[in-house]
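Student: The listed protein sequences correspond, in order, to chains A and B.
Mapped onto my numbering, the consecutive letters of the first sequence carry residue numbers 2 to 115.
Mapped onto my numbering, the consecutive letters of the second sequence carry residue numbers 2 to 115.
The set of hints was computed from the structure by calculation and includes no laboratory data.
There could be a bad hint or two in this list.
Note that the list lumps identical chains together, so a pair holds whenever it fits in one copy or between two copies.
In silico DSS-like cross-links for lysine-lysine, where the CA-CA straight-line distance does not exceed 27 Å [as the list claims (entries may be wrong)]:
hint	residue 1	residue 2
1	86	34
2	73	21
3	104	57
4	104	80
5	76	104
6	108	70
7	84	104
8	104	77
9	73	84
10	80	34
11	21	46
12	57	34
13	104	70
No experiment lies behind these values; they were computed from the predicted model shown.
Here are the chains, one letter per residue:
Number of protein chains: 2
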Amino acid sequence: MKSLRSCCPISSSLDIFGDKWTLLIIRDFFAGKFLYSEFLNSPEKISTNILASRLKSLEENGLIIEGIKSSKTGKKSYKLTEKGKGLYDVIDAMANWGLQNIKGTAKRISVPPQ
Amino acid sequence: MKSLRSCCPISSSLDIFGDKWTLLIIRDFFAGKFLYSEFLNSPEKISTNILASRLKSLEENGLIIEGIKSSKTGKKSYKLTEKGKGLYDVIDAMANWGLQNIKGTAKRISVPPQ
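Given the sequences, and given the hints that come with them, work out the whole structure.
Tutor: Listed below in C-alpha cells is the structure:
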C-alpha cells in the first residue's frame, strides 16, 4: 500500500479513484455494465489504453475483480467488490449535482448497488 | 458553455470538477478555508500554478466567486456560490468512503455548507 499524502479521507480516496475516467467506469458498473467491450462503447469513448490502465488500477485497489471469461464469447468481464459498491453514494451525489446544475443532462442510473 | 460529451450528469459534472486538485480545493472550502494562502498550505501541497488554474476554472464555472481583497493584508479570498455549496454531498460521500475503506484516515470536515 502506498503511503498517504495526508490523513484526509477525501485526499486518500481521490488518490484511488480521483480521475474522471475511473469514475466513469465506476458509473458504468452501477449502470449494469460489466464487459470490457461495454465500457469501450460508452458515449464518452474511452480509449483502450486508458480503459486497460484504469481497470488494472481498480483491481489492484480492490474495487473490482475479474469475472470468469465466457467460454462461448471469450469476453472478459469484471464486477464490483463490496469496496467498489461502496462508491454508490459518491456517484449518486455527482449525478444529482449534475442534474441540478447542468442543462441538458438526464439521469440514466437508477440501480442501487446489488 | 462547452458542449457536453454525453447527456450523463456524472460525465458532465466530472468535466467541471473531476480532477483531484479541484476536489481538494472544494474540500478546503468546506473545511472553512477561503484564502489563497490557506489552500497553498494544505497538507497535500498544491503548486501555485495548479491552484491558480483550478481557482480560475472554478470561478468560470460559477462554483466560486472572488471575495473582497483585504485592505489590511492585501490577501485574496474566495467563497463558494450556491452551486459550489451543492457539492457538499459529493465531498461528504467521498470522506465516508475513505474513512470506511482506507486505514490511517481521519475525518476533519464536519461543517455543513453555510
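Student: Work down the list of hints and note, for each, if the structure agrees.
Tutor: Each hint tested on the structure:
1. 86 - 34: within (13 Å within a copy, 32 Å between copies)
2. 73 - 21: Neither: 33 Å inside a copy, 40 Å across copies.
3. 104 - 57: between (34 Å within a copy, 21 Å between copies)
4. 104 - 80: between (32 Å within a copy, 23 Å between copies)
5. 76 - 104: neither (37 Å within a copy, 35 Å between copies)
6. 108 - 70: Neither, since 31 Å and 40 Å both go past 27 Å.
7. 84 - 104: between (32 Å within a copy, 13 Å between copies)
8. 104 - 77: Close neither inside one copy (36 Å) nor across copies (31 Å); limit 27 Å.
9. 73 - 84: neither (30 Å within a copy, 49 Å between copies)
10. 80 - 34: Intra 9 Å, inter 39 Å, cutoff 27 Å: intra-copy only.
11. 21 - 46: Answer is both: 13 Å inside a copy and 21 Å across each meet the 27 Å cutoff.
12. 57 - 34: within (17 Å within a copy, 36 Å between copies)
13. 104 - 70: Neither, since 40 Å and 33 Å both go past 27 Å.
The earlier numbered hints that this structure contradicts are 2, 5, 6, 8, 9 and 13.
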